[in-house]
Amino acid sequence: MSKGITKREDNYSQWYNDIVQKAQLAENSAVRGSMVIKPYGYAIWENMRDQLDRMFKATGHVNAYFPLFIPKSFFNKEASHVDGFAKECAVITHYRLKNDEKTGKIVVDPNAKLEEELIVRPTSETIIWDSYKRWIHSYRDLPILINQWANVVRWEMRTRLFLRTSEFLWQEGHTAHATKEEAMEEARKMITVYRQFAEDYMAMPVLVGRKTDNERFAGAEETYTIEAMMQDGKALQSGTSHFLAQNFAKAFDVKFANEKGDLEYVWASSWGVSTRLIGALIMAHSDDNGLVLPPKLAPLKVVIVPVYRKQEDLKTINTYVAKIVDELINAGITVKYDNDDKFKPGYKFAEYELKGIP
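Mapping the sequence shown onto this note's numbering, position 339 (from 1) lands on 339, and the numbers just tick up by one.
Hints were generated in silico from the structure; no laboratory data involved.
Check before you lean on any hint, since a few could be wrong.
[Unchecked claim] Calculated lysine to aspartate or glutamate pairs in the DMTMM-like style (CA-CA distance at most 25 Å, straight line):
#	residue 1	residue 2
1	255	221
2	255	185
3	211	222
4	22	338
5	98	109
6	189	156
7	301	50
8	113	100
9	323	312
10	7	167
11	250	213
12	3	221
13	250	117
14	77	10
15	189	288
16	348	288
17	7	288
18	180	215
19	57	232
20	344	287
21	77	215
22	234	181
23	348	338
24	133	253
[Said to hold, decoys possible] Restraint-style ranges between C-beta atoms, simulated for each label pair:
#	residue 1	residue 2	range
25	108	200	45 to 51 Å
26	105	200	50 to 56 Å
27	108	134	29 to 35 Å
28	358	92	42 to 48 Å
29	358	98	51 to 57 Å
30	62	340	41 to 47 Å
31	319	46	28 to 34 Å
32	28	319	27 to 33 Å
33	151	253	25 to 31 Å
34	180	233	34 to 40 Å
35	329	140	46 to 52 Å
36	88	304	45 to 51 Å
Owing to the predicted nature of the structure, the values given are computational and were not obtained by experimental measurement.
For every residue, glycine included, the Cβ atom is placed at its ideal position computed from N, Cα and C.
Generate the whole structure from the sequences, applying the supplied hints.
Printed below as a string of structure tokens:
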């Protein structure tokens, strides 16, 4: 054991759990399969999100937000899509609680049953294409290049923090195009964006490939993937991009008038990455001493810890370090000066090594 962390060679799965918990990235919640992302873990996600958002906007995409709740009837419109997610869907059947006069407990009001059940978003293709039907009429309305930052729910039975949880954070891109070639190019372009992010910012080499027919995203004609090799020799799916052909356009009757005035179905792509990337980051770089973070994604790049004997010495150090902190901030480097005297320097060194400060 090192700092209470199980060695990788002894139990890789427990080593991973130890890193997540002892580096204060996340913890299990009162809701089975759902996690609490702690401030340090969320700061890593914010850095990932912000950089990806810049890359999406550089490729012409804009952000929007669509409802968390999706009418069940929408899923009936795309049969292969619903087959892929049916077993993971959380379903809302009632809209109100009430106080039971006999027991004094809160119960579901049987008189508040919804006319149509609502599905808690497992992915947003259906609700978004319902909007696209109202937005798209002519070739002049295309392409639509939209990204959404959101949470989704997929009811998992076997969960692991960041890697597989019933609720997680992600981004999902949904694009509409006039031609098959444009939609296919979009799907390939976005998997390249993911590869660049993984390699240039996560410092994590990935393999780019296609999913087999059995592994393909439900409702897609083609699914591209980036797979990262973890330290235990296993590959982890880290991002996917899908060519959806005209499947959702046909399901929601989304047509456009081309330049000749003829009506055609729209072509589509979708693509996404999630907080699973934090799990990939941990397993790709960390060691038996704790978390290891690449500098481009670390919430803190530098921590300065003063070592002194007398309180008078600390005052001198504070003055000197203030100049260093200003220089680092001006250079765009995130820095913390930890002169809190509640903990000894040795404790702080161990703590910051555990948290992966570069």
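Verification of the supplied hints:
1. 255 <-> 221: This hinted pair holds, its Cα atoms lying about 19 Å apart.
2. 255 <-> 185: At roughly 20 Å apart (the allowed maximum being 25 Å), residue 185 and residue 255 satisfy the hint.
3. 211 <-> 222: holds, 7 Å
4. 22 <-> 338: holds, 19 Å
5. 98 <-> 109: holds, 6 Å
6. 189 <-> 156: violated, 30 Å
7. 301 <-> 50: Distance ~17 Å between residue 301 and residue 50 Cα, so the pair holds.
8. 113 <-> 100: holds, 17 Å
9. 323 <-> 312: Distance of about 18 Å is within 25 Å: holds.
10. 7 <-> 167: Distance of about 29 Å is beyond 25 Å: violated.
11. 250 <-> 213: holds, 21 Å
12. 3 <-> 221: violated, 48 Å
13. 250 <-> 117: Answer holds: residue 250 to residue 117 is near 23 Å, not above 25 Å.
14. 77 <-> 10: violated, 49 Å
15. 189 <-> 288: This hinted pair is violated, its Cα atoms lying about 37 Å apart.
16. 348 <-> 288: Judged against 25 Å, a Cα distance of about 18 Å means the pair holds.
17. 7 <-> 288: Holds, because 6 Å separates the two Cα atoms, which is no more than 25 Å.
18. 180 <-> 215: This hinted pair holds, its Cα atoms lying about 22 Å apart.
19. 57 <-> 232: violated, 35 Å
20. 344 <-> 287: Satisfied, since the Cα-Cα distance of roughly 24 Å is no more than 25 Å.
21. 77 <-> 215: Holds - the C-alpha atoms of residue 215 and residue 77 are around 21 Å apart, at most 25 Å.
22. 234 <-> 181: violated, 34 Å
23. 348 <-> 338: holds, 8 Å
24. 133 <-> 253: Holds - the C-alpha atoms of residue 253 and residue 133 are around 7 Å apart, at most 25 Å.
25. 108 <-> 200: 45 to 51 Å: Roughly 50 Å apart at Cβ, these two residues keep to the hinted range, so it holds.
26. 105 <-> 200: 50 to 56 Å: At 54 Å between Cβs, range holds.
27. 108 <-> 134: 29 to 35 Å: holds, 34 Å
28. 358 <-> 92: 42 to 48 Å: Holds, since residue 358 and residue 92 (Cβ atoms, about 44 Å apart) stay within the stated range.
29. 358 <-> 98: 51 to 57 Å: Given range 51 to 57 Å: holds, Cβ gap about 54 Å.
30. 62 <-> 340: 41 to 47 Å: Holds, at about 43 Å.
31. 319 <-> 46: 28 to 34 Å: Given a distance of about 32 Å, which is inside 28 to 34 Å, the answer is holds.
32. 28 <-> 319: 27 to 33 Å: At 45 Å between Cβs, range violated.
33. 151 <-> 253: 25 to 31 Å: Taking Cβ atoms as reference, residue 151 and residue 253 lie about 29 Å apart, which means the hint holds.
34. 180 <-> 233: 34 to 40 Å: holds, 38 Å
35. 329 <-> 140: 46 to 52 Å: holds, 47 Å
36. 88 <-> 304: 45 to 51 Å: holds, 47 Å
Hints 6, 10, 12, 14, 15, 19, 22 and 32, counting from the list given before, are not met by this structure.
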